[in-house]
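A.B. asks: In order, the protein sequences belong to chains L and W.
Number 220 in the working numbering belongs to position 216 of the first sequence; there are no gaps in the numbering.
Number 195 in the working numbering belongs to position 100 of the second sequence; there are no gaps in the numbering.
If you are wondering where the hints come from, they were derived from the structure by calculation, not from laboratory data.
Incorrect hints may have been included.
Stated by the list, open to error - 16 Å max Cα-Cα, derived EDC-like pairs, lysine to aspartate or glutamate:
(1) W/102 to W/146
(2) L/42 to W/146
(3) L/33 to W/146
(4) W/102 to W/163
(5) L/206 to L/68
(6) W/97 to W/196
Below, each chain spelled out in residue letters.
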Amino acid sequence: MLQLAAANLLSPPVLFFVLGFAGSLAGSKLTLPEAVAKTLSLYLMLSIGFKGGVAVAGHGLTGEMFAAIGAGVVLSALLPVAAFALLGLMSPLSRVDRAAVAAHYGSISIVTFVAASETLRSLGVDFDGYMVAIAAIMETPAILVALYLAGSNRPRQEGESLFGEVLLNSSVVVLTGAFVIGAITGEKGMAEISPFIVDPFKGILCLFLLDMGAVAARGIANGSRFLNPGLIVFGAVMPALSASAALAIAWLTGMPAGNAAILMTLAASASYIAVPAAMRLALPEANPAIYLTLSLGITFPINLVIGIPAYLALARWILP
Amino acid sequence: MKTHPKKEIRIICELPLAGRMRAHLDRAPISGYTLLPVIGGKGSEGAWSREGLVGDAGQMVIFLIILDEAELQAVLADLYAVITNQIGIITIADVEVVRPDRF
Numbered sequence: 005m006l007q008l009a010a011a012n013l014l015s016p017p018v019l020f021f022v023l024g025f026a027g028s029l030a031g032s033k034l035t036l037p038e039a040v041a042k043t044l045s046l047y048l049m050l051s052i053g054f055k056g057g058v059a060v061a062g063h064g065l066t067g068e069m070f071a072a073i074g075a076g077v078v079l080s081a082l083l084p085v086a087a088f089a090l091l092g093l094m095s096p097l098s099r100v101d102r103a104a105v106a107a108h109y110g111s112i113s114i115v116t117f118v119a120a121s122e123t124l125r126s127l128g129v130d131f132d133g134y135m136v137a138i139a140a141i142m143e144t145p146a147i148l149v150a151l152y153l154a155g156s157n158r159p160r161q162e163g164e165s166l167f168g169e170v171l172l173n174s175s176v177v178v179l180t181g182a183f184v185i186g187a188i189t190g191e192k193g194m195a196e197i198s199p200f201i202v203d204p205f206k207g208i209l210c211l212f213l214l215d216m217g218a219v220a221a222r223g224i225a226n227g228s229r230f231l232n233p234g235l236i237v238f239g240a241v242m243p244a245l246s247a248s249a250a251l252a253i254a255w256l257t258g259m260p261a262g263n264a265a266i267l268m269t270l271a272a273s274a275s276y277i278a279v280p281a282a283m284r285l286a287l288p289e290a291n292p293a294i295y296l297t298l299s300l301g302i303t304f305p306i307n308l309v310i311g312i313p314a315y316l317a318l319a320r321w322i323l324p
Numbered sequence: 096m097k098t099h100p101k102k103e104i105r106i107i108c109e110l111p112l113a114g115r116m117r118a119h120l121d122r123a124p125i126s127g128y129t130l131l132p133v134i135g136g137k138g139s140e141g142a143w144s145r146e147g148l149v150g151d152a153g154q155m156v157i158f159l160i161i162l163d164e165a166e167l168q169a170v171l172a173d174l175y176a177v178i179t180n181q182i183g184i185i186t187i188a189d190v191e192v193v194r195p196d197r198f
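Bound conformation, chain W alone:
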């Protein structure tokens, strides 16, 4: 099967920030994104888990964005401005997709 190269931005960030991230993503030149809950983990600030929590603080989410390389720097700069002072991780990876017209 023929595949097509794209870029994937993966951002693990705090749940309270998700609304602002979505507002920026809704304005970005991308066709869509995916938001995933995260069960738990451990980082420099210690371990965390979403179980039992009633507030948003202390919970993390993952944003997955697949886009053309041509749009990568502009979208990345815009999103990084939102989370620059926040706890989180941003990774960029080369991925292959089978339906390039969707991105």
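So here's chain L without its partners, still in its complex pose:
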């Protein structure tokens, strides 16, 4: 466990994240222009989606894959309920704010998934390519559940199509689309574009995490006045609870340790790209400073630095 933690802490992506975080807290104006950050994000989605699709092309559709998809959907639907209840115990937030935060913790952070995938690869831990599809599938059910929890009965205006807007957000489209293209083109397609999507991947991940570190620190500096101690504890504890639930489901469905570690990471992560935008449309009364600071400023760094190696160690310990 300590060896895993040390290997993760001293890996270039995590160290670049820490550099961005520390530099921003110290007052550096270090940050990437928004267009560059978005391009890097889309590159990471494209690369990870394509690699997952190629892996599925090699192994075909299996019963294990559908079981894992079911596990992802169940987690994404149930975790918001747990988060909503826990927030009721730990904070004085309004019902709408609790529902908005719960949506983030039921959905996933695709960047945390990318970081976990890279950690597992660098440690030589196998996991199935279809876990990318589970990441994409887990983006949305939490939003539906959270709207129900919020009791949202706001009348819809003409032209509003929340789920079109959520399902067609660029990260979901690129991730899912690249997965399908990878599955169609297989190893031949991989051979054609691997100099673009494989070789530079880790370096680009480092650059992206450098920026994310700066954004996370800036989020804490700007949003911490909206968080009370109960919320900060929630942001630290909820990932552990979610990962435990994922581990239980992985054990019940007989997942191998690598897949389980990825599922635990997905469950433990909190969205900060797709869900915040969806919440601004669906629950505008909820305070964005609360959910953005929690997911990006508290939970993301914890998962990246401590969570991923801990989830992998637990999965290896409990599962074959």
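Assemble the complex: chain L is given as a structure, and chain W must be docked to it using the hints.
C.D. replies: Coordinates of chain W only, in the frame set by chain L:
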């Protein structure tokens, strides 16, 4: 140079809302509008900046609409319905234009 009076609606709103705003503006009785990105700022919800962000939440944009006074109330009511519960600012100003046939 002769100028002509028009009204300008300026709306600062959240980027996730931009698609809905554009859908309403495309149906409005106006000849066009302009959409501008905003670098950053500070309001009652705290400071914000678009730098480094990969998601739309946390970013703001500005819509500029120039129109005849006769259309002002109808267009304003339609747009206000979109952003009534959202973070944002709406201002209306008297402006002068040199080519009135464009508006």
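A.B. asks: All the hints need checking, so say for each whether the structure fits it.
C.D. replies: Taking the hints in turn, this is what the structure says about them:
1. Note on residue 102 of chain W and residue 146 of chain W: the hinted pairing is violated, with a Cα-Cα distance of about 32 Å set against a maximum of 16 Å.
2. This hinted pair checks out: residue 42 of chain L and residue 146 of chain W have alpha carbons roughly 10 Å apart, not beyond 16 Å.
3. Straight-line distance between C-alpha atoms of residue 33 of chain L and residue 146 of chain W comes to about 10 Å, which keeps the hinted pair within the 16 Å bound.
4. Straight-line distance between C-alpha atoms of residue 102 of chain W and residue 163 of chain W comes to about 6 Å, which keeps the hinted pair within the 16 Å bound.
5. For the given pair, residue 206 of chain L sits about 29 Å from residue 68 of chain L by alpha-carbon distance, which is inconsistent with the 16 Å threshold.
6. Simply put, residue 97 of chain W and residue 196 of chain W have alpha-carbon atoms about 13 Å apart, close enough for the 16 Å limit, and the pair holds.
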